[in-house]
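Enquirer: Listed below, chain by chain, are the residues.
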Amino acid sequence: MTDFLLELRCEEIPARMQAGARKDLGKLFGKEMQAAGVPVGAVMVWSTPRRLALIARDLPESTESVREETKGPRTSAPPQALEGFLRKTGLTQDQLEDRDGVYFAVVEKPGRPVRDVLAEAIPAIVRAFPWPKSMRWGDASLSTESLRWVRPLSGIVAIFGEDLVECTVGEIESGYATLGHRFHHEGPITIGGADDYQGKLRACHVIVDHAEREAMIREGATRAAAEVGLELVPDEGLVIENAGLTEWPVPLLGRFDVEFLEVPPEVIQLTARTNQKYFVCEKDGKLANAFVCTANIGAPDGGEAIVAGNRKVLAARLSDARFFWEQDRKKALDQHAEGLKRITFHEKLGTVADKVERVAKLARWLAEEGIVQGANPGLAEQAARLAKADLVTEMVGEFPELQGLMGGYYARAEGLPDEVAGAIRDHYKPVGQGDDVPTAPVTVAVSLADKLDTLVSFFVIKERPTGSRDPFALRRAALGIIEIILRSGLRLELDYATYRAGQMLKQQMEGVLPAEQHYDWIRENLPAELFLAVPEFFVDRLKVQQREAGVRHDLIDAVFKLEERKDEIVGNLARVHALQNFVGTEDGTNLLAAYKRAANILKKENWEGHEAEVARTGEEDPLALVDDPDLAPIIAAKMAERKAPGLSYTPDAAEEALIEALDAAEPKAAAAIETEDFETAMAALASLRAPIDRFFEEVTVNAEDQSKRAARLGLLARFRAAVHKVADFSHIEG
Amino acid sequence: MNGTSRPGFQQMILTLHDYWSRQGCLILQPYDMRMGAGTFHTATTLRALGPEPWNAAFVQPCRRPTDGRYGENPNRLQHYYQYQVILKPSPPDLQELYLKSLELIGIDPLKHDIRFVEDDWESPTLGAWGLGWEVWCDGMEVTQFTYFQQMGGFDCKPVAGELTYGLERLAMYIQNVDSVYDLDFDGRGTTYGHVFLENERQMSAWNFEVADTDALFDLFNKAEAECRNALDANLPIPAYEQAVEASHIFNLLQARGVISVQERASYMGRVRDLARGSCEAYMARESDRWARDFPEWAA
Numbered sequence: 017m018t019d020f021l022l023e024l025r026c027e028e029i030p031a032r033m034q035a036g037a038r039k040d041l042g043k044l045f046g047k048e049m050q051a052a053g054v055p056v057g058a059v060m061v062w063s064t065p066r067r068l069a070l071i072a073r074d075l076p077e078s079t080e081s082v083r084e085e086t087k088g089p090r091t092s093a094p095p096q097a098l099e100g101f102l103r104k105t106g107l108t109q110d111q112l113e114d115r116d117g118v119y120f121a122v123v124e125k126p127g128r129p130v131r132d133v134l135a136e137a138i139p140a141i142v143r144a145f146p147w148p149k150s151m152r153w154g155d156a157s158l159s160t161e162s163l164r165w166v167r168p169l170s171g172i173v174a175i176f177g178e179d180l181v182e183c184t185v186g187e188i189e190s191g192y193a194t195l196g197h198r199f200h201h202e203g204p205i206t207i208g209g210a211d212d213y214q215g216k217l218r219a220c221h222v223i224v225d226h227a228e229r230e231a232m233i234r235e236g237a238t239r240a241a242a243e244v245g246l247e248l249v250p251d252e253g254l255v256i257e258n259a260g261l262t263e264w265p266v267p268l269l270g271r272f273d274v275e276f277l278e279v280p281p282e283v284i285q286l287t288a289r290t291n292q293k294y295f296v297c298e299k300d301g302k303l304a305n306a307f308v309c310t311a312n313i314g315a316p317d318g319g320e321a322i323v324a325g326n327r328k329v330l331a332a333r334l335s336d337a338r339f340f341w342e343q344d345r346k347k348a349l350d351q352h353a354e355g356l357k358r359i360t361f362h363e364k365l366g367t368v369a370d371k372v373e374r375v376a377k378l379a380r381w382l383a384e385e386g387i388v389q390g391a392n393p394g395l396a397e398q399a400a401r402l403a404k405a406d407l408v409t410e411m412v413g414e415f416p417e418l419q420g421l422m423g424g425y426y427a428r429a430e431g432l433p434d435e436v437a438g439a440i441r442d443h444y445k446p447v448g449q450g451d452d453v454p455t456a457p458v459t460v461a462v463s464l465a466d467k468l469d470t471l472v473s474f475f476v477i478k479e480r481p482t483g484s485r486d487p488f489a490l491r492r493a494a495l496g497i498i499e500i501i502l503r504s505g506l507r508l509e510l511d512y513a514t515y516r517a518g519q520m521l522k523q524q525m526e527g528v529l530p531a532e533q534h535y536d537w538i539r540e541n542l543p544a545e546l547f548l549a550v551p552e553f554f555v556d557r558l559k560v561q562q563r564e565a566g567v568r569h570d571l572i573d574a575v576f577k578l579e580e581r582k583d584e585i586v587g588n589l590a591r592v593h594a595l596q597n598f599v600g601t602e603d604g605t606n607l608l609a610a611y612k613r614a615a616n617i618l619k620k621e622n623w624e625g626h627e628a629e630v631a632r633t634g635e636e637d638p639l640a641l642v643d644d645p646d647l648a649p650i651i652a653a654k655m656a657e658r659k660a661p662g663l664s665y666t667p668d669a670a671e672e673a674l675i676e677a678l679d680a681a682e683p684k685a686a687a688a689i690e691t692e693d694f695e696t697a698m699a700a701l702a703s704l705r706a707p708i709d710r711f712f713e714e715v716t717v718n719a720e721d722q723s724k725r726a727a728r729l730g731l732l733a734r735f736r737a738a739v740h741k742v743a744d745f746s747h748i749e750g
Numbered sequence: 011m012n013g014t015s016r017p018g019f020q021q022m023i024l025t026l027h028d029y030w031s032r033q034g035c036l037i038l039q040p041y042d043m044r045m046g047a048g049t050f051h052t053a054t055t056l057r058a059l060g061p062e063p064w065n066a067a068f069v070q071p072c073r074r075p076t077d078g079r080y081g082e083n084p085n086r087l088q089h090y091y092q093y094q095v096i097l098k099p100s101p102p103d104l105q106e107l108y109l110k111s112l113e114l115i116g117i118d119p120l121k122h123d124i125r126f127v128e129d130d131w132e133s134p135t136l137g138a139w140g141l142g143w144e145v146w147c148d149g150m151e152v153t154q155f156t157y158f159q160q161m162g163g164f165d166c167k168p169v170a171g172e173l174t175y176g177l178e179r180l181a182m183y184i185q186n187v188d189s190v191y192d193l194d195f196d197g198r199g200t201t202y203g204h205v206f207l208e209n210e211r212q213m214s215a216w217n218f219e220v221a222d223t224d225a226l227f228d229l230f231n232k233a234e235a236e237c238r239n240a241l242d243a244n245l246p247i248p249a250y251e252q253a254v255e256a257s258h259i260f261n262l263l264q265a266r267g268v269i270s271v272q273e274r275a276s277y278m279g280r281v282r283d284l285a286r287g288s289c290e291a292y293m294a295r296e297s298d299r300w301a302r303d304f305p306e307w308a309a
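Protein chains in written order, with the working numbering: chain S, 17 to 750; chain B, 11 to 309.
No lab work stands behind these hints, which were simulated from the structure alone. There could be a bad hint or two in this list.
[To be verified] Listed below are the simulated EDC-like cross-link pairs for lysine to aspartate or glutamate, each with C-alpha atoms no more than 20 Å apart in a straight line:
id, chain 1, residue 1, chain 2, residue 2
1, S, Lys684, S, Glu621
2, S, Lys149, B, Glu144
3, S, Lys328, B, Glu178
4, S, Lys582, S, Asp744
5, S, Lys328, B, Asp118
6, S, Lys149, B, Asp165
7, S, Lys684, S, Asp668
8, S, Lys522, S, Glu363
9, S, Lys302, S, Glu275
10, B, Lys121, B, Glu106
11, S, Lys149, B, Glu128
12, B, Lys121, S, Glu202
13, S, Lys293, B, Glu273
14, S, Lys149, B, Glu290
15, S, Lys328, B, Asp192
Pulled out of the complex, with its shape left as it was, chain B reads as follows (with noise of 0.2 Å):
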């Protein structure tokens, strides 16, 4: 119960990035843009596609307008962080790498009850899917884990693991505390709320209240055409950019509530076609280099 005698959130984030370091992953920063999930990060979803090797770690903050409760609600919030690991080809032995990590932030599996429950992942937005499971704590979920078989309508070859932390509830559930702003931020006390829930408290009223929607109206038309744009270029990352903002303006619409439930599918479906688009172009304008370099691959 005494935050300070633990480590704080940002020690389990550096303890993260130490360990995953050391297994060789390149740690890279947050992607500088507003997005739904760290999979959306290009180190995820375009490092995914193609032949060549790829192991990453970053902390992606995370944008979920419609989850805000101007920080009323102890577990809910339009802003978070995820910690993303991702390593292609998938090596043997990833869930015991991964169980490692938690051990090393203090999660000790013969105390709690560590399980790999189904969990299939799927997004429609960037046509991708993978198998595998939500990593249960003591009934928690904790983490996301997946072996990619498809991102942009594309088959992995190889496959890659990825591995989705939900650092605030890890550091809830390492810290014991109830309310993620009573969370030790630094180890000395420095509160998450303290960081963040005056963030949250203004995020929410503007997501939910203040948004202007003819102008959020215009922004995902202009990423759209921007996104277009840039394809006509044959520019994949600054396309697949516009799609990422495309999809977050498509969030905060939704969250001002003026998307019908007819129009959503719609919105979606262009989404997708900007993202999947993007990922096209991004293996067009590889493939020749990745066929010389990876014979097999082409096969």
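The shape of chain S in the complex, shown without the other chains (with noise of 0.2 Å):
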């Protein structure tokens, strides 16, 4: 068994894109070692900035002869096929072996030796290796088919046991010699294999295993910070990054000025994390004037110069900041709000303070609609027209990431409220998944109208997502109004919000076109069908994001599509949760069974009964029906018929017994549905079980006596009528 040795060297790799070049180089390695029946021990990849090594343990020295058998036409078959298998084999026909009339072509493939398979696969790896942005570069790239790498390669190294594995790549021939540190090795090393590989070059300066670089990152900043008393804040990613940008990783702890700490530590740790790739540091949790930089070279005098450099650069960089911070005070937000009727949001959505103008009447909406409790309206509206004002200011000009946070700062420096300036810094929340959900009414309130505007108004303009497009984020603004929705348990009626947040947007246009185009605006934009779109794009996030509770998405079906439901989320979810208890016991399972029953029976024999007495022509607003003062007594009375149907006949035992049944559970369930327990609802449910299963076991249903056949058919109506007022079971699967 033989260890293989590969090295590719080259330019820097960007550090980015070294996990993924490991694990690409691993892939390719045992892509190309299986197409070739070479079985491969432990494999190893290691990366820094300028080489990717791959050892690979364990190699046999030549792989095993094979067999291999295709079977071919008949005997019997015409000249052709005869003649297409021979041309497919590249064999003549004696070579052929007759088995029972068939052909087959039996061709023994000798082993080969490794070694030889090695000088194959290197440049095959190196020519489809999947670098996210690679290059050409020298004289080869007079020619656009030149090798690709993502900058140029310089080197490989590639050794089977000790001997090499001669291949050439583009101009590159492989050898024995590498090179050491850039700066503290010079000329050439030569290594003898697998097992002097990570030793030599370690000897000159080179810690070719990434994972042993970031532990010395992480522990080194760690200890240059507590030596001085602090503690380094934890960032992982930078670990990674700077063991990318290292071969000699030497963490140095520098001093920043301390006036500079009046500047916000977010812009601090920003500023030196991302343009400087420095760790920041604390005493007793707050942010200490210090850094932590990470260093390629063991300087002669310690580091000093390294770090006086770096702390020059930052000083100039915290300068930039703690500029910005001083002009964009001098201006109150709402004067830097002016600027944004220079920003476009989007050419038919007008301007940013377009925007803002409808979410700060939506915010007070919600706050004095009383769906947002204890949101102050004054407090909501004001925090909605300042929230997006830091947008021009010089500080989010240059980060853009401090968004929010700097306008509350802002805030809170001119002296406005508490809840004002903290809705101004949270109203992006949540950003993403596992992002904190705002919970303050007033930031609760400003977050909710900012989200739902951009929804509907991109909704209205017809810039829906489709498959994986979403340019304007909409999925991520509904899943975030669906989370601040549930961790205050805000009742909103989504398709009343739709309805408002498309008014705001009316209003607007009246001011912009003239009455003749607005009233063609109006019929185009906002026909009826976005106030169903909505509510339904709102469900399909809901289902993406209750899967991972694990709620059952044909569950959320069974609710959300109800006809008699108010279009709202907590409280439906609620029932949601309770139907999938329900479901999960025997009385649900069996339940479903008997409404299965019951639904295919009124199918089959066609039985619209009294359902089919109101005309639907899916158009109507499913509220009227409920709400409209002139149909109330005409459904009172469909109900009461419903409920006694006053039968010409003595019902048998089970039927009596069902019809009870059903007396006692439907107000029940009515009653609890009203007070939103779902449980006793489901408990309602729960109580028809019995009695409809004995009802399918001794009644028959298609009787001979027609008015039995039709009260009976009704009564299943009923049942099935009964389970909708809980749940559209239709939906349920299984």
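Hints given; two lone chains; assemble the complex.
Expert: Following this line, the structure appears as structure tokens:
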């Protein structure tokens, strides 16, 4: 068994690409070896900025010989079939075997030296390497077909046991020689094989194992901070990035002027991190005036000059930040907000100032209607009017990630109420999954209004997500709304909210468009379909969001597709939860089976009964049926009729029992649903289980007596309707 | 701290000229037009096109009107110098050649932390992009190092390596001064501020407050028209000059704050069309000769 070493050396590989490159190298190598039939033991892949290295243990000297059989045509087949088979296999007819009237091609492939396999595999790996971005270079780039790599490839070491694996890729020939650290070691190093590779490089100031470098940085930086009585703010992303930028990492601690600490700590941390890749430190939970940079050399002065240089660069960055901090505070946020009139939000939706106007009104409405309880309407509107103002400040221009946060700081600095500052700071939240969900009422109102406006506005102008395309992040907006609603238990009726948000847009258009065009605009952009599409979009998002919590999507449909329901999330989701508990019980399973049986019979018999009497076009507002005072007595009459159809015959015992059970369960379920006591509603349904089972066992629905048949079908319809008061079981799977 | 004991700003430039001259570069003079970066010099853009070898080094004054700070910011200037080196095809030891030049101007890589940090370069205006790094010295970006992959929308065949040294930053580092205006210009105590401070004050005022915007809009349109006029006459180099002119006028309009966000994209598109059109015409004019002399290039 023999070990194999491969090193691909090149100019500095971007730090962010190294982890992917290691994975790809391992994968491609494995694929090549598998294709050639070479069994491979343990494989290790390492990376530094200047090299990718792979060590594969325990390879055989040569591959096993392989016998390959291919079945051909029957011997009786027409000659064309035989000719084709010969062409395919490259054999002559006398080389084929005739087995019971069928030709077989049998090819013995002798084993190959693994060194040869490797010599072919290396160029294949290099050429197939899936770098996220690659380039051409040098003389060969006269042709666009020349070798591509992430940066110029400069050397290949390939040693099998102690033997060179000879290969050429582009203009590079494999060899035993590599280079050590760019500055700490001059001239080539000769590698003997897999076993001395790591040690020889270490002697030349290269730690080839990225995990070891990461540990050196993690521990070294922590220690450097501890030595001066500080605590490092851990940042694994920075650890990995710095390990990807160094072959000989040396963490060094430096100080910056304590006066810079008047700048918000997030700003300092961000500029140190993103622009300079420095760690920051804390003392007693507060940011300290210290940073840790990671050098790539061990300097004779202990890094003093390096720290001095880095300190100066950071000072320049922090001066810029302090300048922005001071400049921005010279104007109040409402003055900054004037600048939003110059920024387009979307060409069809006006400026950011227009958006702010809509959001401010929506936020006030959410507070006034009591949808967001405890939010002062005036403060909600004020916060909404200022929430986007920081977008035109210098600081956010420089660090867009600080949007919201800076607005919060500036609001506090000018003495605005805490609720307002907090709402400005947090109104973008939640940004992604796992992000904090705001609960402060004013913040909730602003955040909700902002996202609702975005979602509805883009739906109005037909910029709706399709497939993987969601350029305006509307799915994220909907998800954010759902999380806020659930966290605070808000009763937001989705169709109504959509209507309100649409109205804000409509009012703005009134100011822009002449009257006759405005009418066209409404007809085209605020069709009835919109008020179904937005709530449906929410339900789709809710299914995705609830999947992780183990909530079944079919149960969500069973509740959210009910005709008689409120178009909101909290109560309906509670009903879904109760339903999921119920269908998991024995009663639930059996009731579902009975429901399906009843529904099938009704379908088969084409029974429309009482339910067909109110014409449905699919267009009407479901709420109108319930709320319309003219219809109420009619509906009440229908209900009464359904309840006591007045039988013309003496019912069977089982039939009577079901009627009684329904008489008892229906009002119980209705009352429970009214108070959102869904457990009780489910229990009411459960009480139907035994009677319906008995009914099916003992009663013949399809009786010869037509009046009996009609009454019994009616009874099943009543049972189905009773179930539908709680959930539409037809959507439940299984 | 004592500037007079160190080589001055001009000595640094002379050292680089001498070094790159010895590496086989033509030492050119700055392009005599206002431009935002050394990359706009025809020795870089137009010469990056086509198969002919081309090695050149030059200083290019750069104008960034929006970066002006009336001489009050120690790091930011609306006029500063870049040192450009372009080597086509890119030599295999370009990194080593570059590092050697750093040592010659006084940066010891065993005392200072030199790093190549990913930074891909792109100029939408020129229809150009390349892969490379910003070179860090103790955390400060001192050079942009790029392997051009496309220019004017055309593949670079072969690829050129481009180095852009930020001269003032390097000098501040080497001379250990905190303000650009304190740099020793000549090694005899004449400061950078003595040469340029008043210039920065006046130019900042003009860029931000005074420049006649109607005239600038007019100049932009005229440059655009003249570019097209030159292209119609199949004269790509003068056409390209007008593209450079339009680009700078656009930057001035930006500094005057009269271009809205929406208009910005449209103006940039217009400049890009001019630059690309010029590169295209340049390619068209030369490609027969190139194809004849470099059959592999045409393939």
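Enquirer: Each of the hints needs a verdict: does it hold here or not?
Expert: Each hint, compared with the structure:
1. Proposed proximity of Lys684 of chain S and Glu621 of chain S is contradicted: the alpha carbons are some 30 Å apart, above 20 Å.
2. Only pairs whose Cα atoms come within 20 Å are accepted, and Lys149 of chain S paired with Glu144 of chain B is accepted, the gap being roughly 17 Å.
3. For the proposed pair Lys328 of chain S and Glu178 of chain B, the alpha carbon gap of about 15 Å is at most 20 Å, so the pair holds.
4. Using a Cα cut-off of 20 Å, the hinted pair Lys582 of chain S and Asp744 of chain S holds, with the two alpha carbons roughly 14 Å apart.
5. Pair hint Lys328 of chain S plus Asp118 of chain B holds up; C-alpha atoms about 18 Å apart against a cutoff of 20 Å.
6. Proximity of Lys149 of chain S to Asp165 of chain B is assessed by CA-CA distance (about 15 Å); at most 20 Å being required, the pair is judged to hold.
7. Simply put, Lys684 of chain S and Asp668 of chain S have alpha-carbon atoms about 24 Å apart, too far for the 20 Å limit, and the pair is violated.
8. Taking the CA atoms of Lys522 of chain S and Glu363 of chain S, the gap is near 16 Å; set against the 20 Å cutoff, the hint holds.
9. About 14 Å separates the Cα atoms of Lys302 of chain S and Glu275 of chain S, which keeps this hinted pair within 20 Å; it holds.
10. Our distance criterion of 20 Å between C-alpha atoms is met by Lys121 of chain B and Glu106 of chain B, whose separation comes to about 17 Å.
11. For the given pair, Lys149 of chain S sits about 12 Å from Glu128 of chain B by alpha-carbon distance, which is consistent with the 20 Å threshold.
12. The suggested pairing of Lys121 of chain B with Glu202 of chain S holds, with an alpha-carbon distance near 16 Å, which does not exceed 20 Å.
13. Distance check on the hinted pair: Lys293 of chain S and Glu273 of chain B sit about 36 Å apart at the alpha-carbon level, beyond 20 Å; violated.
14. Note on Lys149 of chain S and Glu290 of chain B: the hinted pairing is violated, with a Cα-Cα distance of about 25 Å set against a maximum of 20 Å.
15. For the proposed pair Lys328 of chain S and Asp192 of chain B, the alpha carbon gap of about 15 Å is at most 20 Å, so the pair holds.
Of the numbered hints given earlier, the model fails hints 1, 7, 13 and 14; all others are met.
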